[in-house]
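There are 2 protein chains.
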Amino acid sequence: MLSKKVIKDIQSLGHKKLRDEAGLFVAEGRKIVEELINTKGVVIDTIYAVPDWIDYYPDLQNVKVVTKAELQRISFLTTPNKVLALVKYFPVQEPSTKSLVLYLDEIQDPGNLGTILRIADWFGIYNVVCSEQCADHYNPKVVQATMGSIARVRVYSDYELQWLRSQKPVYVATVEGTDMDRFGKVNEGVLVIGNESRGIREEILDLATARVSIPKKGGAESLNAAIATGILLSHMLT
Amino acid sequence: MLSKKVIKDIQSLGHKKLRDEAGLFVAEGRKIVEELINTKGVVIDTIYAVPDWIDYYPDLQNVKVVTKAELQRISFLTTPNKVLALVKYFPVQEPSTKSLVLYLDEIQDPGNLGTILRIADWFGIYNVVCSEQCADHYNPKVVQATMGSIARVRVYSDYELQWLRSQKPVYVATVEGTDMDRFGKVNEGVLVIGNESRGIREEILDLATARVSIPKKGGAESLNAAIATGILLSHMLT
Numbered sequence: 000m001l002s003k004k005v006i007k008d009i010q011s012l013g014h015k016k017l018r019d020e021a022g023l024f025v026a027e028g029r030k031i032v033e034e035l036i037n038t039k040g041v042v043i044d045t046i047y048a049v050p051d052w053i054d055y056y057p058d059l060q061n062v063k064v065v066t067k068a069e070l071q072r073i074s075f076l077t078t079p080n081k082v083l084a085l086v087k088y089f090p091v092q093e094p095s096t097k098s099l100v101l102y103l104d105e106i107q108d109p110g111n112l113g114t115i116l117r118i119a120d121w122f123g124i125y126n127v128v129c130s131e132q133c134a135d136h137y138n139p140k141v142v143q144a145t146m147g148s149i150a151r152v153r154v155y156s157d158y159e160l161q162w163l164r165s166q167k168p169v170y171v172a173t174v175e176g177t178d179m180d181r182f183g184k185v186n187e188g189v190l191v192i193g194n195e196s197r198g199i200r201e202e203i204l205d206l207a208t209a210r211v212s213i214p215k216k217g218g219a220e221s222l223n224a225a226i227a228t229g230i231l232l233s234h235m236l237t
Numbered sequence: 000m001l002s003k004k005v006i007k008d009i010q011s012l013g014h015k016k017l018r019d020e021a022g023l024f025v026a027e028g029r030k031i032v033e034e035l036i037n038t039k040g041v042v043i044d045t046i047y048a049v050p051d052w053i054d055y056y057p058d059l060q061n062v063k064v065v066t067k068a069e070l071q072r073i074s075f076l077t078t079p080n081k082v083l084a085l086v087k088y089f090p091v092q093e094p095s096t097k098s099l100v101l102y103l104d105e106i107q108d109p110g111n112l113g114t115i116l117r118i119a120d121w122f123g124i125y126n127v128v129c130s131e132q133c134a135d136h137y138n139p140k141v142v143q144a145t146m147g148s149i150a151r152v153r154v155y156s157d158y159e160l161q162w163l164r165s166q167k168p169v170y171v172a173t174v175e176g177t178d179m180d181r182f183g184k185v186n187e188g189v190l191v192i193g194n195e196s197r198g199i200r201e202e203i204l205d206l207a208t209a210r211v212s213i214p215k216k217g218g219a220e221s222l223n224a225a226i227a228t229g230i231l232l233s234h235m236l237t
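Residue numbers (numbering that gives the first Met the number 0), protein chains in the order written: chain Y, 0 to 237; chain A, 0 to 237.
I should point out that these hints are in silico values taken from the structure, not numbers from a laboratory.
Check each hint, because a few of them may be wrong.
Any copy will do: because identical chains look the same in the list, a pair fits if it lies in one copy or spans two.
No farther apart than 35 angstroms at their CA atoms in a straight line, the calculated lysine-lysine pairs in the DSBU-like style are these [as the list claims (entries may be wrong)]:
no.: 1; residue 1: Lys-87; residue 2: Lys-215
no.: 2; residue 1: Lys-3; residue 2: Lys-215
no.: 3; residue 1: Lys-167; residue 2: Lys-16
no.: 4; residue 1: Lys-216; residue 2: Lys-7
no.: 5; residue 1: Lys-39; residue 2: Lys-216
no.: 6; residue 1: Lys-81; residue 2: Lys-215
no.: 7; residue 1: Lys-87; residue 2: Lys-216
With the hints as extra help, turn the sequences into a complete structure.
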């Protein structure tokens with residue numbers, strides 16, 4: 000049985016400050032937890048699971064059996080899914096700029112950020128740099144939206160323009176830029192994706208090597224930031 | 000002041016059955032409501048707005064002034080945004096197959112469906128056909144996620160395989176198909192997008208003219224259905 004303290008401690012991981020203090024994030028559901036377990040370098044602190052999940056993983060350490068009702072109490076999902084893991088924060092490193100890096104400027108919606116990390120993973124982009132105003136990538140909603148890609152994509156938080164200034168080339172996704180099909184393929188540098196409602200900040204436009212756009216054929220005013228990221232990567236990468 | 004009956008009637012539009020009976024859907028927020036007002040053929044039943052919104056539209060008919068507190072009571076948003084409109088259902092027609100049509104197979108998440116309609120609008124696809132198990136396109140969450148594209152994209156609900164069987168060519172998005180870059184451009188026929196977790200139904204695969212895929216370079220197992228739609232349309236359309 001889970002003590003009140005344990006339940007409270009897990010629930011506290013929904014708050015960035017307390018999560019940072021514990022150095023632990025929450026991952027839920029069979030798919031995501033199993034990917035994390037099977038990814039080299041990922042350190043699982045504790046797994047809380049219902050009995051029929053545990054039957055498949057008899058050799059795992061740090062597993063605690065919980066009832067469905069207990070899982071409901073510690074879960075961040077509307078419909079909890081058999082297993083919840085507390086995972087250690089990944090070591091803080093510097094982004095590798097050997098291949099194309101994504102720079103996310105003020106992507107505040109957790110679902111959007113998680114979806115972008117999943118897209119990056121699909122296209123083999125393993126370095127995603129976030130500006131200060133981005134959602135926290137260890138937010139349970141972000142982790143969930145990555146569908147397991149959080150295990151493979153390294154996210155670097157709170158990088159401001161100072162860092163971007165030292166990079167070259169810097170490609171910025173804007174509404175008015177070179178058509179992505181005439182842009183040529185890119186293998187290095189940084190691709191900047193901005194906040195959808197406010198667009199790209201002036202200071203970032205100033206340091207852009209080039210601007211790239213998705214040609215519009217119909218009436219919609221804009222595309223969601225995650226959709227734009229997927230489309231641009233699918234055209235710009237070799 | 001809004002009567003209890005009016006508030007209840009508006010709230011009832013969150014339920015498909017009652018919405019269908021009224022033949023009215025809810026659109027909220029300045030951007031979406033203003034796009035609907037300005038789109039030819041869209042019939043606005045009633046607009047509920049706070050005074051500072053109405054100041055910009057002094058000539059509009061059917062506008063009722065509400066307080067912020069009243070707007071909060073009738074709104075389907077967490078943070079209501081100045082104006083809520085009740086809009087008449089669009090006339091039921093048959094999909095035009097003169098240009099490429101999207102067929103959505105069991106896209107159940109309202110946010111995903113709305114985002115797909117926004118993408119269709121961006122790429123100039125104005126006919127989207129939905130299978131029976133899709134979310135209802137008049138669901139307030141879908142309307143909101145379209146960001147106004149609901150005004151331009153025609154959605155045809157509850158079309159089952161009978162209809163798809165009469166179409167040619169039928170392109171189906173699958174994990175194992177022809178690489179979209181080697182697929183060639185398409186201007187007619189149907190592109191089928193399936194439910195992400197279950198994939199495309201066998202019966203649909205059986206009637207596919209061709210299968211098309213987004214090449215995967217990294218570790219993610221799949222892409223969200225809306226992301227896949229955006230990427231495929233950006234490559235397949237001329």
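Against the earlier hints, flag every one the structure doesn't satisfy and list their numbers going up. 2 and 4
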